[in-house]
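Sequence order for the protein chains is A and B. Everything in the first sequence is counted per this note's numbering, starting at 4 for the first residue and increasing by one. Everything in the second sequence is counted per this note's numbering, starting at 4 for the first residue and increasing by one.
Keep in mind that a hint or two might mislead.
Which copy? The list can't say, so a pair holds if one copy fits it or any two copies do.
Stated by the list, open to error - Below, computed lysine-lysine pairings styled on DSS-like, alpha-carbon distance capped at 30 Å:
{"id": "1", "residue 1": "K44", "residue 2": "K271"}
{"id": "2", "residue 1": "K77", "residue 2": "K44"}
{"id": "3", "residue 1": "K68", "residue 2": "K44"}
{"id": "4", "residue 1": "K313", "residue 2": "K68"}
Just so you know, these hints were derived from the structure itself, not from any lab.
Single-letter residue listing:
There are 2 protein chains.
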Amino acid sequence: MGFEDNIRRVIPYVPGEQPQSRGTIKLNTNENPYPPSPRVKKVLEEFDADALRLYPDPAALRLVKAIADRYGLKEEEVFVGVGSDDVLAMCFLTFFNSGKPLLFPDITYSFYDVWAALFRIPYLALPLDDEFRIVPGDFRRENGGIIFPNPNAPTGVLLPLDAVREIVRNNQESIVIIDEAYIDFGGESALPLIHEYENVVVVQTFSKSRSGAGLRIGYAMSNAHLIRALNDVKYSFNSYTMNSPTIAAGVECVLDEEHFRASVERIKATRERAAAVFGQLGFHVLPSAANFLFVSHPSVSGKELFDYLKSRNIYVRWWDKARIRNYLRITIGTEEQMDALFGALKEYLWNQ
Amino acid sequence: MGFEDNIRRVIPYVPGEQPQSRGTIKLNTNENPYPPSPRVKKVLEEFDADALRLYPDPAALRLVKAIADRYGLKEEEVFVGVGSDDVLAMCFLTFFNSGKPLLFPDITYSFYDVWAALFRIPYLALPLDDEFRIVPGDFRRENGGIIFPNPNAPTGVLLPLDAVREIVRNNQESIVIIDEAYIDFGGESALPLIHEYENVVVVQTFSKSRSGAGLRIGYAMSNAHLIRALNDVKYSFNSYTMNSPTIAAGVECVLDEEHFRASVERIKATRERAAAVFGQLGFHVLPSAANFLFVSHPSVSGKELFDYLKSRNIYVRWWDKARIRNYLRITIGTEEQMDALFGALKEYLWNQ
Chain A
4 MGFEDNIRRV
14 IPYVPGEQPQ
24 SRGTIKLNTN
34 ENPYPPSPRV
44 KKVLEEFDAD
54 ALRLYPDPAA
64 LRLVKAIADR
74 YGLKEEEVFV
84 GVGSDDVLAM
94 CFLTFFNSGK
104 PLLFPDITYS
114 FYDVWAALFR
124 IPYLALPLDD
134 EFRIVPGDFR
144 RENGGIIFPN
154 PNAPTGVLLP
164 LDAVREIVRN
174 NQESIVIIDE
184 AYIDFGGESA
194 LPLIHEYENV
204 VVVQTFSKSR
214 SGAGLRIGYA
224 MSNAHLIRAL
234 NDVKYSFNSY
244 TMNSPTIAAG
254 VECVLDEEHF
264 RASVERIKAT
274 RERAAAVFGQ
284 LGFHVLPSAA
294 NFLFVSHPSV
304 SGKELFDYLK
314 SRNIYVRWWD
324 KARIRNYLRI
334 TIGTEEQMDA
344 LFGALKEYLW
354 NQ
Chain B
4 MGFEDNIRRV
14 IPYVPGEQPQ
24 SRGTIKLNTN
34 ENPYPPSPRV
44 KKVLEEFDAD
54 ALRLYPDPAA
64 LRLVKAIADR
74 YGLKEEEVFV
84 GVGSDDVLAM
94 CFLTFFNSGK
104 PLLFPDITYS
114 FYDVWAALFR
124 IPYLALPLDD
134 EFRIVPGDFR
144 RENGGIIFPN
154 PNAPTGVLLP
164 LDAVREIVRN
174 NQESIVIIDE
184 AYIDFGGESA
194 LPLIHEYENV
204 VVVQTFSKSR
214 SGAGLRIGYA
224 MSNAHLIRAL
234 NDVKYSFNSY
244 TMNSPTIAAG
254 VECVLDEEHF
264 RASVERIKAT
274 RERAAAVFGQ
284 LGFHVLPSAA
294 NFLFVSHPSV
304 SGKELFDYLK
314 SRNIYVRWWD
324 KARIRNYLRI
334 TIGTEEQMDA
344 LFGALKEYLW
354 NQ
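Bound conformation, chain A alone (with noise of 0.2 Å):
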């Protein structure tokens, strides 16, 4: 058939697996094992769901609001999507029309390179050092755009925000964006450089630190002049992005800063203890400022780890990938989750 050569082919990102069974312990996407502020179950309650014939404020512009309150922003500098994934797609289509390679590190959110080959934009992967870290002066050459988590993922490396400066003070023809889904568990935000620069783009997410994964909103800081960009592409894609109920506990969810410093504070303080523990049971663990940890053992492969493990139901992260093949990435759960992890953990090590 004549259309079958129009069909844009892609090979897809995959999710990680979202079992339904209970019983499951589900350390695999880096969900935050706390529910989300009890002021969200209340609003959902409390619902006027006959509003619902009505659309949506196409702006959202209650939660856009409370995003740039929270953060000192005006409501101009900032831009709400489905989830960061959404935003990150507006970001790629938006801002990467050159036909020069847009940079990102080689090992790296795995929806990058997905995004480009979807939109037929030309990327260079730049290799991380050996110890998995952002080389700043590696970004030193001809590119269309630049973009990279920090915390990296799956790593869980932060990269110091005056390294993210350099990359941004020696990349102005460039817009830049740093991928913040995890900076609440420890990084320091580049959203000052918003305002330093003209050519940065910082985007979060409710999915990690805000226990709002479920919810799919993420959102996007940066000058007006960039926003407004953001919003012209996403007003000629979907006007009606984020629906009533979204809106409405997205709101709730940022308002309770208390929750959230404390959620935030409780998985801070379990991935340490996790880190100390891995680090007994003689893994190699990379410095993570984020809710997952990576690491690897000197004598198990990370493929065999990650099928034992799913084998008694603990469901972790593993790449078949090179120079990461050996590693997990494990979000950090409750207390009670990691001990089940560690309690199976060294069932194995200890039966080797």
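Starting from the known structure of chain A, arrange chain B on it as the hints suggest.
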């Protein structure tokens, strides 16, 4: 700045106004005047907000299955998205990748040329005939795809199924998308064609007949092969588009068939009455199979009526566009809303 040259320049779609003030009679965006099923309210009230910490099912399988069951399809024949705009945007990105022009009517949903521009798809707008009807024979020309709403928007004019079939039969080398946002209000769906031909995609929405504009749910129905192509592109854009409350609410929406039918019947009855009153007031009224009427008056311009009604806090839709500049698109509201509209119109016309 160098990056300015790489920003995608677009002229975005402009959605109808969403005045937030109470007391407005809102007949401008084809929303349903009646609330969604009470089951939607119940499912939101009882929603397990703690589970929002988890990602939703990326395939939204419960919702896909509910829609598939409703239409006697298999799950792999249904694709869901964030309103039919999201579904249509995905269709443009997935299917229209030839260098040949996409065909659609000159008077039609004004998002089509926006998507074509966004994705740099060449297009050709084929004139409707003098009575604003699609001319199937005009679609016999080289093309890279075809899309039209049925009933057409903003006219409300229905193309009989035989004529739709003729267009499909004559274009088996192209994907033909039938955008059935309004089909439940009186048209015969092209759904059977998805099994008669390999090149047909039927798109529908929860925003109109199912009173769910605020939920943002649209869906495409086609053969498993084309649905898979859509899903591949979707998974290359955003894995998790449908959030958890939306999946739950959407399922209840579909299951309440009785509520759906009652609401559609009420609107159709009001439409027939309203068409008669417009006729009595001297308006030219196009035959409508949708939840709106497209009307013009021989002695008062569309813009004048639009501005007058707005001054009376009654919002309708008007386009400053060739061929339809003298028309208003008026959503069918409740009986009371239509009475208020006609009261205002009589006052104006009788005082000329």
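The hints, checked one at a time:
{"no.": "1", "hint": "K44 / K271", "result": "within (25 Å within a copy, 37 Å between copies)"}
{"no.": "2", "hint": "K77 / K44", "result": "within (28 Å within a copy, 34 Å between copies)"}
{"no.": "3", "hint": "K68 / K44", "result": "both (21 Å within a copy, 27 Å between copies)"}
{"no.": "4", "hint": "K313 / K68", "result": "between (42 Å within a copy, 28 Å between copies)"}
Hint check: no violations occur; every hint is consistent with the structure.
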